Amino acid sequence: GKTTGTVTVAAPTDDVYKDAGKVEVTIKDATGGNFENLVPSTVPAVTEVTDTVDTTTVKLTASETAAEGGTVTYTATVGAPVTGSPVTVTLANGQSITIEVGKTTGTVTTTAPNDALNGHTPLTNAITGVTGGNYENLVADKTPVSTTVTDTVDTTNLTLSATNSVAEGGSITYTATLTNAAGTPVTVTLSNGAVITIEAGKTTGTVTV
42 GKTTGTVTVA APTDDVYKDA GKVEVTIKDA TGGNFENLVP STVPAVTEVT DTVDTTTVKL
102 TASETAAEGG TVTYTATVGA PVTGSPVTVT LANGQSITIE VGKTTGTVTT TAPNDALNGH
162 TPLTNAITGV TGGNYENLVA DKTPVSTTVT DTVDTTNLTL SATNSVAEGG SITYTATLTN
222 AAGTPVTVTL SNGAVITIEA GKTTGTVTV
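So for the sequence shown, my numbering puts the first residue at 42; every next one is plus one.
Just so you know, these hints were derived from the structure itself, not from any lab. Some hints here could point you the wrong way.
SDA-like cross-link-like pairs, simulated, lysine to any residue; straight-line CA separation at most 20 Å [claimed, not checked]:
no., residue 1, residue 2
1, Lys63, Glu89
2, Lys144, Pro154
3, Lys43, Asn75
4, Lys100, Thr172
Computed beta-carbon distance windows for the label pairs [as the list claims (entries may be wrong)]:
no., residue 1, residue 2, range
5, Thr249, Gly111, 41 to 47 Å
6, Ala121, Thr49, 25 to 31 Å
7, Thr169, Gly125, 37 to 43 Å
8, Gly111, Val207, 30 to 36 Å
9, Lys243, Thr114, 32 to 38 Å
10, Thr165, Thr49, 50 to 56 Å
11, Pro185, Ala51, 41 to 47 Å
12, Gln136, Thr47, 40 to 46 Å
13, Val142, Asn178, 55 to 61 Å
14, Thr184, Ala121, 15 to 21 Å
15, Val94, Glu240, 37 to 43 Å
16, Gly135, Thr197, 17 to 23 Å
17, Val142, Val194, 42 to 48 Å
All of these numbers come straight from a predicted model, not from anything done at the bench. C-beta: ideal position from N, C-alpha, C; glycine also.
All chains, full assembly: derive it from the sequences and hints.
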């Protein structure tokens with residue numbers, strides 16, 4: 042006595058990719074009903090499937106420690122495999138990381154700074170932007186990452202030079218020279234009691250006697 046019937050099926054599974062589309066279904070077969078001539082329609086029933094926006098995040102990690110002049114590795118990790126086109130991750134230090142299609146990680150390396158001074162401030166970096174892929178909403182975790190830079194022993198030499206010649210009663214200038222710039226003032230005491238100060242950031246200092 043009815044003219045309609047229904048069945049419910051699930052729409053395509055939700056995911057993080059741009060894949061809106063439509064579901065088309067046609068009648069394959071129809072039996073029963075005691076009709077003289079039951080003719081199924083061939084016109085498909087169409088349902089538009091819209092994307093629900095899911096966020097995918099790219100995060101950055103770095104080597105925990107590196108010696109002066111050593112290698113620091115930065116790794117970018119995305120929450121789901123890349124599809125469509127590679128993902129490019131731009132870093133604050135000017136470098137970029139590429140995550141290829143089908144992958145979830147990419148890396149780039151840099152060299153830890155090296156100087157002759159004691160101690161180092163940590164080497165920091167962060168993501169500044171992300172592009173590419175076929176994600177519904179690709180975002181960057183811009184939390185900075187930090188690498189501890191450990192000292193390697195660099196030798197700094199100190200030499201003394203003097204005016205080559207001087208007339209009796211004239212003045213002699215003594216120059217103290219470092220092979221690396223001073224991090225803090227350096228006081229050089231000479232055997233004649235004279236004192237030379239080499240200022241921070243400088244490599245030479247003089248005294249005239």
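Do the hints match the structure? See the list:
Between Lys63 and Glu89, the direct Cα distance comes to roughly 4 Å. Compliance with the 20 Å bound is thereby established for this hinted pair. The hinted pair formed by Lys144 and Pro154 fails the criterion: a straight-line CA distance of about 31 Å is larger than 20 Å. Simply put, Lys43 and Asn75 have alpha-carbon atoms about 13 Å apart, close enough for the 20 Å limit, and the pair holds. With a C-alpha separation of about 13 Å, the suggested pair Lys100 and Thr172 falls inside the 20 Å cut-off, and the hint holds.
At about 44 Å, the CB distance of Thr249 to Gly111 agrees with the hint of 41 to 47 Å. At about 29 Å, the CB distance of Ala121 to Thr49 agrees with the hint of 25 to 31 Å. For the pair Thr169 and Gly125, the beta carbons lie near 22 Å from each other, so the given range of 37 to 43 Å is not met. Checked against the given bound of 30 to 36 Å, the beta carbons of Gly111 and Val207, roughly 49 Å apart, lie outside it.
One distance hint, 32 to 38 Å for the beta-carbon pair Lys243 and Thr114, holds here, with the actual separation near 36 Å. As the Cβ distance of Thr165 to Thr49 is approximately 54 Å, the hint placing it in 50 to 56 Å holds. At roughly 42 Å, the beta carbons of Pro185 and Ala51 sit within the given window of 41 to 47 Å. Checked against the hint of 40 to 46 Å, the pair Gln136 and Thr47 fails, with Cβ atoms roughly 57 Å apart.
Range check, Val142 to Asn178: Cβ separation about 19 Å, and the 55 to 61 Å hint is violated. Taking the beta carbon of each, Thr184 and Ala121 are about 20 Å apart, inside 15 to 21 Å as hinted. Range check, Val94 to Glu240: Cβ separation about 59 Å, and the 37 to 43 Å hint is violated. Checking the proposed 17 to 23 Å range against Gly135 and Thr197 shows it is violated: the Cβ atoms sit about 30 Å from each other.
Restraint check, Val142 to Val194: a C-beta distance of roughly 46 Å satisfies the suggested window 42 to 48 Å.
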